[in-house]
Amino acid sequence: MSAADAASRAVEPAGNAVAIFDTAWGIIRRTHWDTTYNGVNWVALGDTLRPRAAAARTRGELRLVLSDMLSRLRQSHFSIIPQESADATGAGSGSGAPGRSGGDQPGWLGFETRLLDGAMVVTQVDTGGPAWHAGVRTGWVLQAVRGCPTAARVARLPASLEPRRRALMASQMLNRSLSGSAGDTAQLSFADARDVTRDLTLVQQAFPGSIAKFGNLPPMPAQLEWSRVKQDGRTVGVIRFNVWMPVLSPAFDAAMDSLRSSDAIVIDVRGNLGGVGGMSMGIAGHFLDTSVAIGVMTQRTSNLRFVANPRRVNGQNQTVKPFAGPLAIVVDPLSASTTEIFAGGLQLLKRATVFGTQSAGQALPSVPERLPNGDILYHAIADFVGPTGKPVEGEGVIPDRVVPLTRPELIKGRDAALDAALRWAAGQAARPIVP
Amino acid sequence: MRSFRSTRTVARGTALMFATLVLGSTRLSAQALPSPADVISKHVAAIGGKAAIEKVTSIRQIAQMEMPSMGITAEADFAIGAPNRMATKITIPQMGEMITGTDGTIAWSSNPMQGSRLMEGKELEQMREQADLTGSLMFPADRFSSMTNEGVVDFAGEKAYKIKMVRKGSGNESWQYFSLASGLNIGSESTTTSEMGTLQTTTIVKDYKDFGGIKFPTRSEANMGPQAMVITIKDVQLNNVPANAFAVPAAVQPLIKK
Numbered sequence: 001m002s003a004a005d006a007a008s009r010a011v012e013p014a015g016n017a018v019a020i021f022d023t024a025w026g027i028i029r030r031t032h033w034d035t036t037y038n039g040v041n042w043v044a045l046g047d048t049l050r051p052r053a054a055a056a057r058t059r060g061e062l063r064l065v066l067s068d069m070l071s072r073l074r075q076s077h078f079s080i081i082p083q084e085s086a087d088a089t090g091a092g093s094g095s096g097a098p099g100r101s102g103g104d105q106p107g108w109l110g111f112e113t114r115l116l117d118g119a120m121v122v123t124q125v126d127t128g129g130p131a132w133h134a135g136v137r138t139g140w141v142l143q144a145v146r147g148c149p150t151a152a153r154v155a156r157l158p159a160s161l162e163p164r165r166r167a168l169m170a171s172q173m174l175n176r177s178l179s180g181s182a183g184d185t186a187q188l189s190f191a192d193a194r195d196v197t198r199d200l201t202l203v204q205q206a207f208p209g210s211i212a213k214f215g216n217l218p219p220m221p222a223q224l225e226w227s228r229v230k231q232d233g234r235t236v237g238v239i240r241f242n243v244w245m246p247v248l249s250p251a252f253d254a255a256m257d258s259l260r261s262s263d264a265i266v267i268d269v270r271g272n273l274g275g276v277g278g279m280s281m282g283i284a285g286h287f288l289d290t291s292v293a294i295g296v297m298t299q300r301t302s303n304l305r306f307v308a309n310p311r312r313v314n315g316q317n318q319t320v321k322p323f324a325g326p327l328a329i330v331v332d333p334l335s336a337s338t339t340e341i342f343a344g345g346l347q348l349l350k351r352a353t354v355f356g357t358q359s360a361g362q363a364l365p366s367v368p369e370r371l372p373n374g375d376i377l378y379h380a381i382a383d384f385v386g387p388t389g390k391p392v393e394g395e396g397v398i399p400d401r402v403v404p405l406t407r408p409e410l411i412k413g414r415d416a417a418l419d420a421a422l423r424w425a426a427g428q429a430a431r432p433i434v435p
Numbered sequence: 001m002r003s004f005r006s007t008r009t010v011a012r013g014t015a016l017m018f019a020t021l022v023l024g025s026t027r028l029s030a031q032a033l034p035s036p037a038d039v040i041s042k043h044v045a046a047i048g049g050k051a052a053i054e055k056v057t058s059i060r061q062i063a064q065m066e067m068p069s070m071g072i073t074a075e076a077d078f079a080i081g082a083p084n085r086m087a088t089k090i091t092i093p094q095m096g097e098m099i100t101g102t103d104g105t106i107a108w109s110s111n112p113m114q115g116s117r118l119m120e121g122k123e124l125e126q127m128r129e130q131a132d133l134t135g136s137l138m139f140p141a142d143r144f145s146s147m148t149n150e151g152v153v154d155f156a157g158e159k160a161y162k163i164k165m166v167r168k169g170s171g172n173e174s175w176q177y178f179s180l181a182s183g184l185n186i187g188s189e190s191t192t193t194s195e196m197g198t199l200q201t202t203t204i205v206k207d208y209k210d211f212g213g214i215k216f217p218t219r220s221e222a223n224m225g226p227q228a229m230v231i232t233i234k235d236v237q238l239n240n241v242p243a244n245a246f247a248v249p250a251a252v253q254p255l256i257k258k
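Which chain is which? The protein sequence lines are A and B, in order. When we follow our numbering, the leftmost residue of the first sequence carries the number 1, and every step to the right adds one. When we follow our numbering, the leftmost residue of the second sequence carries the number 1, and every step to the right adds one.
I should point out that these hints are in silico values taken from the structure, not numbers from a laboratory. Quick caveat, the model's predicted, so the values are computed rather than measured. Treat the hints with caution; some may be incorrect.
[Unchecked claim] Stretch-level coverage of chain A by chain B, calculated; a stretch enters the list once three of its residues show a Cβ under 8 Å from a Cβ in chain B:
hint	region
1	279-285
2	295-304
3	364-373
[Stated by the list, open to error] Quick look at which bits of chain B chain A covers, simulated, 3 or more residues with Cβ under 8 Å:
hint	region
4	70-76
5	84-96
6	113-125
7	193-206
8	222-236
All C-beta atoms in this analysis are idealised placements derived from N, C-alpha and C, irrespective of residue type, glycine included.
Please construct the entire structure, taking both the sequences and the accompanying hints into account.
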């Protein structure tokens, strides 16, 4: 669903705006785990904003009022998802099948950026993707998208934002401007390793992974990759995935079945913004030999432990032992929500060593509930604390080894955070090196 | 009704993985109350009578399950076999099959997100109780250490007897509501136990329909904290569940110590 399509419904009449407002307001009143509403007088806020909702003429105007209401909570996982975004099916929706080429397929340019020292720097280029074929390499700076300078857009972000929040918002903003369908073209300007401007026109390819469409959530590209890396004479399995969607669970299990004999494993969840919380327990179970809680979800009337059970059965229904070797997890400010529940839980249980940079600190369990007009009220229903009782929201996960990315290293083709994780993992391996 | 107590197992296995409308129950009167046995007897008669129920050895229910707060709709297949075997299969789009069950001795859970596990402790005990076919259909007194009629209350828009039941063995408490007008069981309040913890659950059952001479509710609305689950029964088959339906799944068998 393009931004233009999304906007087209924003101008539709607001409908019964007060009823829609009251539904959203009432859901939060009923389900927010904290009856002080994080210090907000929820009844008074409703009384204040209801007249504004009544005056809304369009869906867009009503969305602004609702968003204003949610923002007063000053907590993550509260937002309005436009109906047109939630109801988009995406390529392969419902099947989890790999995307196919075609105009209605989500596009993919095959590179990632991060905000480093005020610039959007290319931190990863997928070999075989459009960016790779066009010569784009890590360490280049994305200067403009369709003639619009990225630096100017980043500069417009509020100055008060803390750095990791700024990094998250900058990446999300840029990803929106880079989104498109397979076959679309994107005019991009880069500064290469020598700061020479390269104007490139990339053609979006069909996303090579799956499109996850889970309930009321918008369709999301989902991809898991794994590999074996030789490091200091050891074999280290590296698994990287971009979202916690059930469609990827079998792929993770298969990766573990293949990597079970590795000396160590590194899980790279940088840029993974979260997904279905329950999946964190199942993935954690691959690395634990006893049933243990990786955290607790605190609702208004109950506390639910996220229990990870040892995964003792493989994909062929054979008995196996959970992976007992060294485990490293790599995070960054774009690692959020379920990613933080997983990484923070295993870190505090001393089962994993975390590398990279501090995560987003946005980890409130939430649900996407449909409002009477079709829009989605995405709202948190619980707090989440790690196994030591510390909330994940706010501080997030602080790596055991803080390893920021730098442009000079990226230009050399080095991923400092992943390299550090690999070195550590190989160094921790207990088995004798097999020549 | 057994069929809908088994749906609470389903609720535990699904809603808890992702994440009450507590119905007011105002006590109106405590005088001239019928005994719990009388209330239950009326319910048993209303759904078809003891003789008909005693002929039931297995029940299969095909259902649609909705979690409105998530926008998820799933297909569900519930089977229960005398004396205390149960197998449930929930198929969720883009997730796959979530299986829970008991053969009367062990109980299991298996799904693509979390793998397979054997249930233990209170959770195992709860599964065995929920698999008690006769116990669930007729609430026989020998299954409970106590039954108390706590009076007439408003429940789900009806006047209902509120019967507190304490299960023998586990000591699990539940409150069952029986319509004064129809005699039918119209819901319950209970605590659902899983390895994640306990959840207060309020369930309304309604829209009774006849299947093979016995009436079953065809709609269940369960509320657990901020989340709700609606189950719509599309078909009920009696005495048509093959014995192997309760066999331990292949993905669970490696967990059983020989």
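Looking at the structure, which of the earlier hints fail to hold? none
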